[in-house]
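Taken in sequence, the protein lines are chains R and D. Residues in the first sequence are numbered from 1 upward in steps of one, following full-length UniProt numbering. Residues in the second sequence are numbered from 1 upward in steps of one, following full-length UniProt numbering.
Keep in mind the hints are simulated off the structure, nothing from the lab. You may find that some hints are simply not true.
Facing chain R, from chain D, some residues (calculated, C-beta under 8 Å) [what the hints assert, rightly or not]:
no., residue
1, Ser-60
2, Pro-63
3, Gly-224
4, Cys-244
5, Met-246
6, Gly-274
Beta carbons are placed, not taken as given, at the ideal position from N, Cα and C, and that holds for glycine.
Number of protein chains: 2
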Amino acid sequence: MTAVNREIHLASRPQGWPSAENFRLVETEVPKPGPGQLLVRNRYMSVDPYMRGRMNDVKSYVPPFQLDAPLDGGAVGEVVTSEAEGFAAGDWVLHGLGWREYALVDAGSARTVDPDLAPVTTYLHVLGMTGLTAYAGLLEVAGMKPGETVFVSAAAGAVGSLVGQIAKLKGASRVIGSAGSAAKVERLRALGFDAAFDYHDGPVRQSLKAAAPEGIDVYFDNVGGDHLEAAISALRLHGRAAICGMIAQYNDTEPPAAPRNLALVIGKRLTLRGFLVGDHGALRGQFVREMSGWLRDGSIGYDETVVDGIEHAPEAFLGLLRGENLGKMLVRV
Amino acid sequence: MTAVNREIHLASRPQGWPSAENFRLVETEVPKPGPGQLLVRNRYMSVDPYMRGRMNDVKSYVPPFQLDAPLDGGAVGEVVTSEAEGFAAGDWVLHGLGWREYALVDAGSARTVDPDLAPVTTYLHVLGMTGLTAYAGLLEVAGMKPGETVFVSAAAGAVGSLVGQIAKLKGASRVIGSAGSAAKVERLRALGFDAAFDYHDGPVRQSLKAAAPEGIDVYFDNVGGDHLEAAISALRLHGRAAICGMIAQYNDTEPPAAPRNLALVIGKRLTLRGFLVGDHGALRGQFVREMSGWLRDGSIGYDETVVDGIEHAPEAFLGLLRGENLGKMLVRV
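In isolation and in its complexed conformation, chain R is listed as follows (with noise of 0.2 Å):
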């Protein structure tokens, strides 16, 4: 009897909202690994806000998905065959096909992690494409020192809830977050954020205002729309916003109408700028030494979010988007 592998299609592209019939479950035969590459069973996969974009047939960074194959994305996973040199079976490690339960992976672009070290999902989060983009975009993008204050939207998410704590790490002298529930603003306030909001509370403007009455100098934008709106208010001189996601509005139909007050970036000499986590490798080593030590002594939370089985992800990405997690979205597949 052959083996069955189970694999998340994409049956169609959403217009606005996905929903679940834009995705399909199919299986296959489990697939035999050629010369230089590893059959791996993922055991975890990530879903990110990012993948809402790959759905559109439009250029982008990254290209779309395309309709009627898996999609793909980080997971991780043990070696079950080996055919590539430096791997053998039992390894766990670390790629880019999610969204399967058997994924053939090249050598090239697996990266072997060691369980004993980090719980084996941390790769696929705090110290991983998750944690550097919260790293590189707080610390290289905008620049922050010491003493400055900070606010971040979608704090509570796995983005979000590393900028707040390595922003206290790294010396700044006040971090506000946004969220969008009573019990995730419950939750920044236990990992050491100074204030906290639920943006369904009033204004984004008023919250902000009440929460940094002095202003901010950092924005970690990961959700565009009222969110930036309001930090380019709040921001003081020479503040920079570093752009990393506008979730807000990935499933508007319509352009989005803000940020109404732009041209405030002239008077106070503001710098916004967008930025991918690819462009950053070369930070990876410094982030992975810093955010190791914080995760071993304890200075790093972090929270997981897990949804049980392959055929879940599309709940698990549709519950993403509808900000159901607190920290990382996960599938166990």
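Got chain R; can you put chain D on it based on the hints?
Relative to the frame of chain R, chain D by itself:
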């Protein structure tokens, strides 16, 4: 008989577009300089777009103009009486008290200029703040490098025409300008712009795409609105926008709704940076050396639109906001 001084006061704060009623011509006595002061007979004064912002009663990077008091701004004139060391009657000086025939200037805020080195008016633009704005914005804020493609709006204005010419002198491979009339477009071509268009001729995005089919690397923004939105679409990976002004919206009474495509800053890793020339004084020495050389050898061309008589200064300013100037708008006092 006491000599009469005429000056322009702000009679009321404009709502939206200013008009002649917002200004008042007032006759006063010619003042007497105290110790450390100069009495200056102004000969030319500058009208600049940023003055519109100062007519509103809002906190900004410069304090608002006061009601029933003279406006101020860059001017050059001759010293009539000096009560300060280092200045003598007959000296030409540059200072900040325009909008009046006679100015009582603290010696510390006056700078002698040499009418034999360059026409005195050029200290109000090519060799002055206008020139440094173009130079610093293009080279320091946007970090233009040789071989890049540069787009500048309000390109037939005092700042814009210098931005385009400095870009060519510094090795830009292609320079594109937008302006508000066919005559201005023709002038831009004569000044060495590789392409120019009248923004009335169609959507800015289309005109820019036709002029720069492969995109742009640097945008120097004097306009905001549609121009900024079009530039964000046209900017290539790692592109930069130096945001100098947003004249298109200075007279808006409703917040403007552009740019709707701001999310592109992420995937393209764009930087949008507002700036004020006042932060770039450290470049002044280098700027004056280079610009003087370019002026001497004829590498830089410039235009002046001169209005005669202090009583017509409000009209000159209103004409500037309507784009009626070619190059620098000046008032001969």
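The hints, checked one at a time:
no., hint, result
1, Ser-60, "5 Å, holds"
2, Pro-63, "12 Å, violated"
3, Gly-224, "6 Å, holds"
4, Cys-244, "7 Å, holds"
5, Met-246, "5 Å, holds"
6, Gly-274, "3 Å, holds"
Hint compliance for this structure: hint 2 is the single one not met.
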